[in-house]
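Enquirer: Listed below, chain by chain, are the residues.
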Amino acid sequence: MRIKMLRSVLSLVLLAAGPTYATAAGSEDDFKAAYAAAEAANKEAGSLRNQWTTTAATLAAAKKAADAGDFDKATASAKEAEALAKASIFQATSEKTRWKDMEIR
Amino acid sequence: MTDVGFSATRRLILQGAGAVALVGLGNIPFGPTPALAAANDKYPEEAFKAKSEADAIKALYGKTAEPSDKVKMDAPEIAENGAVVPISVTTTLADVTSISFLVSENPVVLVASYKIPAGTLPNVANRIKMAKTSNVIVVVEAGGKLYSANKEVKVTVGGCGG
Amino acid sequence: MRPRSAIYLASAALALAALTLAGSLPSDAADKIDPVADAKAFRKFFTDKFPKVKLEDFVNGPYSMNEDLYRQWQEKEQFPPYEFSLEMGKEMFSKPFKNGKTYADCFPNGGIGVRQNYPYFDEKEGKVITLELALNRCREANGEAPYSYVRDEMAALTAYMAFTSRGKPMDIKIPNDPRALAAYENGKEYFYTRRGQLNFSCATCHVQSPGERIRAEILAPALGIVNAMPIYRSEWSGMGTTSRRFTTCNSQIRGVPFSPQDDEYRNVEYYLSYVSNGLPISGPGARP
Amino acid sequence: MASSIRVRATSSGETTEVQALIQHPMDSGFVKDAKGEIIPAHFIQQLTFEYDGKNVFTADWGGGVSKDPYVKFAFKGGKKGDELKISWVDNKGATDTTTAKIQ
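Residue numbers (my numbering), protein chains in the order written: chain A, 1 to 105; chain B, 1 to 162; chain C, 1 to 288; chain D, 1 to 103.
Any given hint might turn out to be false.
As the list claims (entries may be wrong) - Label-pair distances were calculated between CB atoms; the ranges are:
1) B:Ala118 to C:Ala104: 50 to 56 Å
2) C:Glu91 to B:Thr156: 34 to 40 Å
3) C:Pro175 to A:Thr93: 29 to 35 Å
Claimed, not checked - Here are the computed lysine-lysine pairs in the DSBU-like style, where the Cα-Cα straight-line distance is at most 30 Å:
4) C:Lys127 to A:Lys96
5) B:Lys115 to D:Lys101
6) C:Lys127 to A:Lys43
7) B:Lys154 to D:Lys101
8) B:Lys72 to D:Lys67
9) A:Lys100 to C:Lys173
10) B:Lys63 to D:Lys76
11) B:Lys145 to D:Lys76
12) B:Lys154 to C:Lys49
13) A:Lys63 to D:Lys32
14) C:Lys95 to A:Lys100
15) B:Lys42 to D:Lys85
16) D:Lys35 to A:Lys64
17) D:Lys72 to B:Lys42
18) B:Lys51 to D:Lys72
19) C:Lys32 to A:Lys100
20) B:Lys49 to D:Lys32
21) B:Lys132 to D:Lys92
As the list claims (entries may be wrong) - Quick partial rundown of chain B residues pointing at chain D, CB under 7 Å, derived from the structure:
22) Tyr43
23) Ala50
24) Asn106
25) Pro107
26) Val108
27) Leu110
28) Val111
29) Ser113
30) Tyr114
31) Ala118
32) Thr120
33) Tyr147
34) Val157
Keep in mind that the hints were calculated from the coordinates and are not lab data. Cβ atoms here follow ideal geometry from the backbone N, Cα and C, with glycine treated the same way.
Could you build the full structure based on these sequences and the hints that come with them?
Expert: Next comes the structure, spelled out in structure tokens:
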């Protein structure tokens, strides 16, 4: 049962992250936009008390890449961070009702 | 959690975030050992430098050991944690003078060596560290001859994801 | 079980039974918060799943699940690694604060043999108070700086207090106060909610697969899982409070942990302790 | 400072069983800390037990012995109330000694 769960999260993350690698994100503005979006999503996850450590790590990687001037990599990481944050939001909202399924009765 | 994620986690774990991490730096100088042993006998310096159990046993006792079922070793199948592995030995051999514990896969193979004067029973229990799954050997010197027993103890990284 | 708590449980059951009988349909009953029924079902789930394990042995966590581990534990218990922390805790507990008072002045019965009643619901504050929180509040009330919830000092104090309650059955009360029931339910929800990128809940490991291995470690059953707190873990080669256990579990499944003693942690400890009522306190404990 | 050595010695008529737990980090010199630096070797090298002026047990330890090391052995003789002298020395030259009464 657990493997099924992991695959659901896995597919969700890859799905969101997939298209971002394809597009060529060149400039610093793209990065800034993507980073802001990722931070906002992660903030929302925080309000739902359900952030992931990997979101924070990917955000940090994005910042590091940006500081080093590699905006392609930075934008890609920022988009991946946004995807992770969105997945954690999805998890929080869906679990709001689904937790009862596992409850011992 | 792509493949990259997994190997990153493994590396993280191996870097000792929580587990005992080991650095194969080959011949680390053994560390300053200014204090020599107390009066009655010398600390077996060389033996604690040996990288293989044969060298360690030779440095300690100058002879080789033969397996004997009179040496009963009690060790777990799977260690609950490589940092604290309870190992004990009892033997029915007569006039035992020394008992030693070795772990073949540890960077320093000799872990502990006990001197058993007359009147002390030939049984010892202790808790040792194991780098990874390995053969644990106990050697008993009795009546000038060397006897041994060994058992494989499995050790793996514990814990959840990380 | 002591008569007093038996009477309490009976009266609570009566009160709650009356509530459910008051015309609520079974489907409603599912949403009705019924700690007594929960506790009964919770205990039954584990005693059915592990018929050979004696009820009081569930508090030994992984050691009640595996013979090889049990022997290693017995050997450690001859001279347990938490011995030093226990001694330090005993010393600290009696050392007066700068104002001359000691912890004994903050706790019922001088803090001796009371651990089994923690956490409790404070009706004035309307929130759950855990032993660790009460200890720090005692320090602050006497002009001392609070201890970190995850370091050795707090572990030593809770180790000593747990030691003075060893063998006493866990005896957590839920007053007939809607806020207490809400806190209990919030704790239950936290326990079953999946979190972190690994998408695990406490229940994924400790309800669905106790006795099984996660890498080298055997998973403990949830029944009685907090009875051994605080624990000396070989993994940490040091003491761990309940707070340390909750926060590290969160980060291991890649969920960002809250700060120790946040409401969620206090409530989940309240829930976990309540459903383990009747099982003996076995802290401080040694764990892999 | 309280001794780092905790000893339980119980005599059962003709033999005395001794258990010792010692507070010591027992760093092997092969482990890295969180910042990635090697924790230098720091471990007890020799632990001796004396009863009635005579050595009854000597432990020569390497870095592979667990933190807060534990050892158990037994020797013939020893009566309730007698004293055991226990002392250790580590690779940095630090030492500690204590005496324990046989129960």
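Enquirer: Look at each hint and say if it fits the structure.
Expert: These are the hints, each one checked on the structure:
Taken as a hint, the range 50 to 56 Å holds for the pair B:Ala118 and C:Ala104, whose Cβ atoms sit roughly 52 Å apart. Distance hint check: the CB atoms of C:Glu91 and B:Thr156 are about 38 Å apart, consistent with the given range 34 to 40 Å. For the pair C:Pro175 and A:Thr93, the beta carbons lie near 32 Å from each other, so the given range of 29 to 35 Å is met. Our distance criterion of 30 Å between C-alpha atoms is met by C:Lys127 and A:Lys96, whose separation comes to about 22 Å.
A distance of roughly 22 Å separates the Cα atoms of B:Lys115 and D:Lys101; the hinted pair therefore holds under the 30 Å criterion. Only pairs whose Cα atoms come within 30 Å are accepted, and C:Lys127 paired with A:Lys43 is accepted, the gap being roughly 26 Å. Under the criterion of a C-alpha separation no larger than 30 Å, the hint pairing B:Lys154 with D:Lys101 is inconsistent with the structure, at around 39 Å. A hinted pair counts as satisfied when its Cα atoms are at most 30 Å apart, and B:Lys72 with D:Lys67 qualifies at roughly 25 Å.
Using a Cα cut-off of 30 Å, the hinted pair A:Lys100 and C:Lys173 holds, with the two alpha carbons roughly 23 Å apart. With a C-alpha separation of about 29 Å, the suggested pair B:Lys63 and D:Lys76 falls inside the 30 Å cut-off, and the hint holds. Only pairs whose Cα atoms come within 30 Å are accepted, and B:Lys145 paired with D:Lys76 is accepted, the gap being roughly 23 Å. Only pairs whose Cα atoms come within 30 Å are accepted, and B:Lys154 paired with C:Lys49 is accepted, the gap being roughly 28 Å.
Restraint check for A:Lys63 and D:Lys32: the C-alpha separation of about 28 Å stays at or below 30 Å, so the hint holds. Proximity of C:Lys95 to A:Lys100 is assessed by CA-CA distance (about 47 Å); at most 30 Å being required, the pair is judged violated. Restraint check for B:Lys42 and D:Lys85: satisfied, since their Cα atoms lie roughly 19 Å apart, inside the 30 Å limit. For the suggested pair D:Lys35 and A:Lys64, the alpha carbons sit about 19 Å apart, so the restraint of at most 30 Å is met.
Restraint check: the Cα-Cα separation between D:Lys72 and B:Lys42 comes to about 22 Å, which is no more than 30 Å; the hinted pair holds. Between B:Lys51 and D:Lys72, the direct Cα distance comes to roughly 27 Å. Compliance with the 30 Å bound is thereby established for this hinted pair. For the hint linking C:Lys32 to A:Lys100, the alpha-carbon distance of about 13 Å falls within 30 Å, and the restraint holds. This hinted pair checks out: B:Lys49 and D:Lys32 have alpha carbons roughly 20 Å apart, not beyond 30 Å.
For a cut-off of 30 Å, the pair hint linking B:Lys132 to D:Lys92 stands: about 27 Å separates their Cα positions. For B:Tyr43, the shortest C-beta to C-beta distance to chain D is roughly 5 Å, which falls under 7 Å, so the interface hint holds. Evaluation of the B:Ala50 hint against chain D yields a violated restraint, the C-beta minimum of about 10 Å exceeding 7 Å. Restraint check, B:Asn106 versus chain D: the minimum CB separation of about 5 Å is within 7 Å; hint holds.
At its closest, the beta carbon of B:Pro107 sits 5 Å from a beta carbon of chain D; the interface hint therefore holds under the 7 Å criterion. Because the beta carbon of B:Val108 sits about 5 Å from the nearest beta carbon in chain D, less than 7 Å, this interface hint is met. Given hint, B:Leu110 at the interface with chain D, holds; its Cβ is 6 Å from that chain's nearest Cβ, closer than 7 Å. The beta carbon of B:Val111 comes within 4 Å of a beta carbon in chain D, closer than 7 Å, and the hint placing it at the interface holds.
Annotation: B:Ser113 was flagged as interfacial toward chain D, and the flag holds, the nearest CB pair being 4 Å apart, inside 7 Å. A least Cβ separation of about 5 Å between B:Tyr114 and chain D falls short of the 7 Å threshold, and the interface hint therefore holds. Taking 7 Å as the C-beta cut-off, the interface hint given for B:Ala118 is violated, the closest approach to chain D being about 9 Å. Annotation: interface hint on B:Thr120 holds; nearest CB of chain D at approximately 4 Å, less than 7 Å.
For the restraint placing B:Tyr147 at the interface with chain D, the shortest Cβ-Cβ distance is roughly 18 Å, beyond the 7 Å limit, so the hint is violated. About 14 Å separates the beta-carbon of B:Val157 from the nearest beta-carbon of chain D, more than 7 Å, and the hint is not met.
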